[in-house]
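*Asks:* Just so you know, the protein sequences line up as chains A and B, in that order.
Each residue of the first sequence is one higher than the last, beginning at -9 in our numbering.
Each residue of the second sequence is one higher than the last, beginning at 81 in our numbering.
Fair warning: there could be bad hints in the mix.
As the list claims (entries may be wrong) - Derived coverage of chain B by chain A (criterion: at least 3 residues anywhere in the stretch with Cβ under 8 Å from a Cβ of chain A; other residues may be distant):
| id | segment |
| --- | --- |
| 1 | 93 to 99 |
| 2 | 162 to 174 |
| 3 | 325 to 331 |
| 4 | 434 to 444 |
| 5 | 483 to 497 |
| 6 | 521 to 530 |
| 7 | 547 to 558 |
None of these hints come from the bench; they were simulated from the model.
For glycine and all other residues, C-beta sits at the position ideal for the given N, C-alpha and C.
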Amino acid sequence: MDFKHPWLPLTEDVKQEMLKSIGRNNLDELFSNIPEKFRLNRDLDIADSHTEIEVARRMQELAEKNEPADSGRVFLGDGLGMHYIPSATKSLAGRSEFVTAYTSYQPEISQGMLQTLFEYQSLMAELLGIDVVNSSMYDMASALAEAILMSVRVKKKRNLVLVPGTISPVHWRVVKTYTEPLGIDIQEIDYERKTGQMNLGDLESRLSENVAAVYLENPSYLGFIEVGVDRINELVHEANALLIAGVDIMSMGIMRPPGDYGADIVVAEGQGLGSPMSYGGPLLGVFGCIDDMKLIRQLPGRLVGMTRTSDEPFKRGFVLTLSPREQHIRREKATSNICSNQALIAVTAAIDTSLLGPAGFREIGETITYKSHYAANRLNALSDVHAPSIGDAFWKEFVVSFKGGVSAQSVHEGLLERGIHGGKILTSEFPDLGESMLISVTEIHTKDAIDELVNAINQIVNDGGGK
Amino acid sequence: MTERSEYRQARWDVPLIFEKSRAGTTSHQYPEVEDEIRKTVGALDSLIPKAMQREKEPEIPEVSELQVIRHFTRLSQMNFSVSTGTYPLGSCTMKYNPVINDWAANLDGFAWLHPSQDVATSQGALELMWELEQWLTEITGMDAVTLQPAAGAQGEYTGVMLIREYHRCITHECEQRNEMLIPDAAHGTNPASAAMAGYKVVVVPSSEDGLVNIDALKTAAGPKTAGLMLTNPNTIGVFEKDIEEIADIVHDAGGLLYYDGANLNAIMGITRPGDMGFDVVHMNLHKSFSTPHGGGGPGAGAVGVKDELTDFLPVPRIVRRSDGCFDWDYDYPRTIGKVHGYFGNFGMLVRAYAYIYSLGKRGIRTVAENAVLNANYVGHHVSAIPGFTMPYSKDAPRMHECVISAEDLLNETGVSAMNVAKRLLDFGVHAPTVYFPLIVPEALMIEPTETESKQELDVLISAFRDISEEAYTNPEKVKGAPYSTAVRHLDEYRAAHPKTLTLSWRMLQKQSDTEA
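Between the sequences and the hints, there should be enough to build the whole structure, so can you do that?
*Replies:* Below, the structure written as structure tokens:
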């Protein structure tokens, strides 16, 4: 009868002792409020228990059925950051004082987490050129959805938001899920077919007194750089709407920060700052806005603020602040329902950003520029292969398209046979681009790996698949 | 050994990392880009349009690797955690987070997997998620589970959207059924999630026993009702014994029954929401299934549903093909869509899988039993201490948590629940959740969880006893707490005041510029 397990400290005799001390005869009595007809009265139909070594074996066995990207031969980006993780980042972010705490409801014993999150907010603000960043959202997709909801709260009575026609299909779906029940209209702005740039004429014609916000991405989902940002900023603000910008945080060492071109709200995917892709989660929704109380009061999510002790001698300290925006106080009138966020991924990002410093951000930004352009340049030299097939200026990701009757799917399969994973296939979601895929190159891809990718695609496209 | 420790938290004076910066210091380097690559592509200026180049470097710190190590190591030492001590934060289920589970999630085969990879290269991940879905389906008594929501609140939102879709597509009453019934003792996320899905929130008051007031529920339920969001055991830690009648009232009115799984830890293997009549359930994998709370997240908020709602679940869904291989299926035209960019917080799913695999069917049931025993043990002994009572349903056993009221203590000594909470910090334990649920005056919501030993519980109880004695003899001592923590009481008013609001280093710099 006696079930023993390392995570369960109560022995049978201790249980009896405890029951006796509270005047109960047996454990069953503690469940007397559960109607008999709803008792399970059988074992759950799940696994039996296992010792740690057995758990380790099972987990290893499952992990080995995957072919992870640490091979440096996977050329996927698709909104995530495939980056080297410094050992110091991994070690510090794994400290169990950070890992096993919850939200810092008791600031006196949680200064470590609070200061780290304040530093996260501060570091992201510097990178993005903006004043305020909250202490995290789930991912960039839901951050964008919440940014749109926020813009509609700020711009009361306006319920139309314009987004780029090249928006990530996944971001589009999440945005639609969040905005549909509230009756918010989302429209796509047309883009120049050759360059990918936002069609400013179309933007202008759509701007009206009903537009709460315009969203722009830099670089875009398809990798190209949106260069008309200053004009977009003018147009959007002339229409008294808000400008929301989505950026790649890893590009911030070399690319103009969105605060610089008038963004009121900024979102980004922060996973690349020290966290692995982990099959798509946990990610990190970076969410910021300008220093304007009209906006700050509508921010979703938690905020850490700097303050000092109530009594002298005054000592600096940190607390959760402006919580009357949040669900535990405001309930159905809250700015969002978010409670648990991605704090540990934010902690990781703070550590990683501190390690990289401005020089690290510049180096990684430049390295990715060179390597991704090298890959595109070499691919474009192949016959029946065009890269980048939309836009000229790009960063990290670019579209490669295949001519001469070769499908992106067959390129993908040919690459897999050669132990290489190509980019995300775009053919069905962006039919205008023809047979195409979105290739991502970062600092983890060596020149040899890029050359192999190029040679493999050459074989597949030009030698009948090389099968 | 029940003597309490003379606990002291590390007290480092840690400046902001920005304040340690010295231009030119390096803590991480990347390899030089090969000459051949540079030669092929040309100068950077030709690759990034001048107008989009960053002119001024971001003003982030320049520090050495050791400075970073010391900075964050010291900060971590000023942070209370489950690894540090008892953390009886009610409703949050702060149980031990097994180290093996973190190890598993960090295996390259999981951590370095890109979600857009061909399923042929991610069969292990899919198998893990598929099997976890089966287990969670069985534990909750539902018919299908989605693992996509990234946290409990996102799970609630997903669940409420499923109810909305049901009334839109099946009964064609979406416009009419625009009210969500929510008990007054519910978590704040419930009304917030319902409002995000466009619902009007109708509050159902509690009965004198602290349970759902059946008469009030009957009055509230009707043709406008979309559903009832219920936590069971509820937030005072008592099982809603009239659950069958509650389910009937809601269903007879045409609504669906939503289970907030915040308190699932108490009933795993003993009873199941699906058997009690719930149509939708969310589970907090970071609570019952022990994935670490990470200082506020990431969590994971799996959602289970009955057959009539499966068509509406978020896409993609995992399917097992006839050849035994797993695949993602997007072909569900009636889906609510997506709530997460990918498949949810996969790293947390790995941990939850390892957790269930380790404990197994008997272990999972024992978890619930021991969690309930621990909560009753603490509730019984603390409520016997002068100044503390356990209001509502006095004779009913508590489940995973107990809510103690310090109302008597406040009336008799002037010491409030908040004062008690702060004084507990001096005793080396985390404070319980305070002032929630709102139906309990001066509430202290205690959830010890099953991973605390009797010795630790006795330390907790004796801390309450000592604080009560102090309150009656030297109340000012309690009111001045905490004393032994890294910082003393902080000025929250100043933190939130528009004139002193400081949310970033950048805002701090602006303020000192203005002052100068």
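*Asks:* Now tell me, hint by hint, if it's right for this structure.
*Replies:* Each hint, compared with the structure:
1. 93 to 99: holds (count 4)
2. 162 to 174: That given contact holds, which follows from 7 residues of the segment 162 to 174 of chain B lying within Cβ reach (below 8 Å) of chain A.
3. 325 to 331: violated (count 0)
4. 434 to 444: It holds: at least three residues are needed, and the segment 434 to 444 of chain B offers 10 whose Cβ sits within less than 8 Å of chain A.
5. 483 to 497: violated (count 0)
6. 521 to 530: With 1 residues in contact (Cβ-Cβ under 8 Å with chain A), the coverage given for the segment 521 to 530 of chain B is violated.
7. 547 to 558: violated (count 0)
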